[in-house]
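Protein chains: 2
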Amino acid sequence: MSKKQVLIDATQYSNWSEQIFRQMNKAGLSAVCVTICYHENFRETVANISTWNRRFTDFPEFLTLCRSSQDILLAVKEGRTGIIYALQNCSAIEDDINLVEILHRLGVRVMQLTYNNQSLLASGCYEESDSGITRFGKQVISEMNRMGMIIDMSHSAEKSTLQAMDYSRRPLAITHANPADWHPSIRSKSRAVLRKLGETKGMLGLSLYPYHLKGGSNCTLQEFCKMVANVVDTVGIDHIGIGSDLCQNQPDEVVNWMRNGRWSRSRDFGEGTASNPGFPPQPIWFQNNEDFPRLRDGLIEIGFSEKDTQMILGENWLRFFSEGFEPEGVTSEKKSSQHI
Amino acid sequence: MSKKQVLIDATQYSNWSEQIFRQMNKAGLSAVCVTICYHENFRETVANISTWNRRFTDFPEFLTLCRSSQDILLAVKEGRTGIIYALQNCSAIEDDINLVEILHRLGVRVMQLTYNNQSLLASGCYEESDSGITRFGKQVISEMNRMGMIIDMSHSAEKSTLQAMDYSRRPLAITHANPADWHPSIRSKSRAVLRKLGETKGMLGLSLYPYHLKGGSNCTLQEFCKMVANVVDTVGIDHIGIGSDLCQNQPDEVVNWMRNGRWSRSRDFGEGTASNPGFPPQPIWFQNNEDFPRLRDGLIEIGFSEKDTQMILGENWLRFFSEGFEPEGVTSEKKSSQHI
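As you go down the protein sequences, you meet chains R and W in turn. For the first sequence, the numbering used here gives the first residue as 18, with consecutive numbering after it. For the second sequence, the numbering used here gives the first residue as 18, with consecutive numbering after it.
Only chain R is shown next, with the shape it has when bound in the complex (with noise of 0.2 Å):
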């Protein structure tokens, strides 16, 4: 795959090390939003933010921030992975507006406003009731509006994620899950949905973690591809990409930390069970980051063309970050100097 070529991943939480950097590169990663924050309140957000910051003193070769589309076309330019910091709850902005600010000086661009659970802006698709978005989940989604955060509504329940596209005033997105018509994961969304967010000109990133596909770790490459090109009819050729939720290398007590947090006495298995409890295991075609590649052999076989392919692997990603990574009222002009 050309290094010009654009390929973006809107999820991944994997172990991260030098074996996963180089992995990315030489599959040619234009860009990845690496998951941040699960349960995480603001100052443990900010100690994996240092983190974070710290592995691009130790892998520059491999790895560069990015803050904005100009990054990103920067590290495809430099043949390095650009870094994109995600938020799958809103924890880390505990109860307080003026985080959303902090957060987003600090480079996160993208944040769920929910994580199975209950939040104190919306419901999560986990909850028996759904809230729908609260007083002060109004309050966060304009400031987030203002500052260019995007809104990842992944893990939320249904009428939170419709009211959400109400409210926003840009699109949002849901950076990793599937049609719940083709595998009905608690996770999965219903076509009102997906619809939706495609005339709203939101994203929908397709999901590869097995509890999201049909037949789970047995879904076949070219049974993820068909559900693809039937997704795209719902939601539209310019508002697809891939979200991977890739957690590569994670030990069972991260999962366990993922379901658990600190909300519970006792012990809640998701879309695991008792006898079932970790990670499932990837599909043989999707491994790690080197078989990124195979999506796009497996989107052309079943009939996408060269243009559409591109779209879906990382142009539509890219468009999509280009318009909502910068505060509101920002001209392309005044973009360079904000990140000076």
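Just so you know, the hints here were simulated from the structure itself, not pulled from any lab data. Heads up, some of the hints might be wrong.
Identical copies go unnamed one by one, so any copy, or any two together, can satisfy a pair.
[Stated by the list, open to error] Capping the alpha-carbon separation at 20 Å, the derived lysine to any residue pairs in SDA-like fashion look like this:
1. 21 <-> 88
2. 176 <-> 147
3. 176 <-> 143
4. 155 <-> 285
5. 176 <-> 146
6. 176 <-> 145
7. 176 <-> 152
8. 21 <-> 339
9. 21 <-> 310
10. 43 <-> 75
Take the given structure of chain R and dock chain W to it, following the hints.
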């Protein structure tokens, strides 16, 4: 009023001073639940507890910390006012179920699941939509039941309040609120809530905060006492007490903090308005703790017996706290060793 009579106020948040402690003592207050947190996180709540802990060293002649009903009886015997630590929000436990036990060890005996807004546990009464009790909320209710920390739903939304009564193994309290059909404040409670509260052997503390009073600051003592008589018919004489919500000598910046915390970039005026943003003036017959004995006179005057008056003004809360402050399964023999 005899020193031996039990007089308990289930909610106060005054600008604490020697003057106020003297007034409490003079009026014969046996115990007062003092608010330790509105929006404070765990660390900030611990700082507030430390500030209170220092007051017991600074004002030993007036005050003593109460962690059990025996402590309250000892306060009565010694002629001091017992202080009970109460949280008006669950912000203090952040996202951590284990902080319920930690805060119980630090003396906290009452906690609201919400304060006006959506919390991680339930919905506040100011939210448009009511989530009911969340996944984390169910865990926290169970944990508060286990530890002996009273669940307070004063600022919660209706469905959340009714569900809390269903999920809790122990009776809960609404420490400071009045009936909505007497005064239709957004904070007032429906008859359905009041009836179920009585049926489940919970406690209602009637509020003297002007925005909860019919006629506001102009409400008369007789009107208030007639409302008490009316509520007794719904809730039952065993389940009524006082939760004055007295905020004596507080500057208006405090009510701004209560209403806005850190969650809003615009200013919310709560029960006030932009032209009337501050604390409302107290009724002339309830200016401070020294006016407590007037309540006794008012209740007697409209026909309550001496016995019923004593139940309303303190005996009911004492019985309720006696049952509610101990960990589940702790027998009376074991109680003393719990507090060493």
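Now for the hints, and whether the structure bears them out:
no., hint, result
1, 21 <-> 88, "within (14 Å within a copy, 75 Å between copies)"
2, 176 <-> 147, "both (6 Å within a copy, 13 Å between copies)"
3, 176 <-> 143, "both (13 Å within a copy, 19 Å between copies)"
4, 155 <-> 285, "between (29 Å within a copy, 13 Å between copies)"
5, 176 <-> 146, "both (10 Å within a copy, 11 Å between copies)"
6, 176 <-> 145, "both (12 Å within a copy, 13 Å between copies)"
7, 176 <-> 152, "both (15 Å within a copy, 17 Å between copies)"
8, 21 <-> 339, "within (17 Å within a copy, 73 Å between copies)"
9, 21 <-> 310, "within (14 Å within a copy, 82 Å between copies)"
10, 43 <-> 75, "within (18 Å within a copy, 68 Å between copies)"
In the structure shown, no violation is registered for any of the earlier numbered hints.
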